[in-house]
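Work out the full structure: start from the sequences and follow the hints.
Residue 87 in this note's numbering is what sits at position 92 of the sequence shown, and the numbering runs on without skipping anything.
Careful: at least some of the hints might be erroneous.
[Unchecked claim] Have a look at the derived ranges for each label pair, beta carbon to beta carbon:
| no. | residue 1 | residue 2 | range |
| --- | --- | --- | --- |
| 1 | 33 | 124 | 33 to 43 angstroms |
| 2 | 24 | 124 | 21 to 31 angstroms |
| 3 | 48 | 23 | 17 to 27 angstroms |
| 4 | 27 | 129 | 19 to 29 angstroms |
| 5 | 48 | 79 | 39 to 49 angstroms |
| 6 | 91 | 53 | 20 to 30 angstroms |
| 7 | 3 | 128 | 25 to 35 angstroms |
| 8 | 118 | 15 | 32 to 42 angstroms |
| 9 | 24 | 115 | 17 to 27 angstroms |
| 10 | 110 | 37 | 42 to 52 angstroms |
Hints were generated in silico from the structure; no laboratory data involved. Beta carbons: idealized from backbone N, C-alpha and C, even for Gly.
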Amino acid sequence: MTPSPFLDANVILRYLLNDLPVQADRAEALFVRVQRGEAQVYLPEIALADVVWTLHRFYKRNREEIRSALLPFLGLEGLEMRDKAVAIQALHLFADRNIDFSDALIAAEMLQTGQAEIYSYDRDFDRIAGIRRVEP
-4 MTPSPFLDAN VILRYLLNDL PVQADRAEAL FVRVQRGEAQ VYLPEIALAD
46 VVWTLHRFYK RNREEIRSAL LPFLGLEGLE MRDKAVAIQA LHLFADRNID
96 FSDALIAAEM LQTGQAEIYS YDRDFDRIAG IRRVEP
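Dropping the structure here:
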């Protein structure tokens, strides 16, 4: 089986922002094929984190807008990730707990795997039920 092509953050951003119409249209055509299962793409977590960071920090989108835009995208039939459940839970933590997305990804993976303890100086983790932060 041939591995799926990787998907970079800029393709998702062009589609969501429609700021470069030619690229946005081409991205949309790809995502229609992905939705229909006619094409497969692999989205690395770092690319998703880049999308979230860019929308939040550069384009000043609020957390709920970001979650609302990305949750349906993660549901595309042909979109593959290492662990979609972690990515989805991270989007919810990011929006609901007001924490950085990178911390949300870590917390979501911890919750999904049943790991309760993290060594960190970052108090964002104190906002997540089921996680115990320990300072080294």
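Task: Hints not upheld, ascending by number - done: 2, 4, 5, 9 and 10
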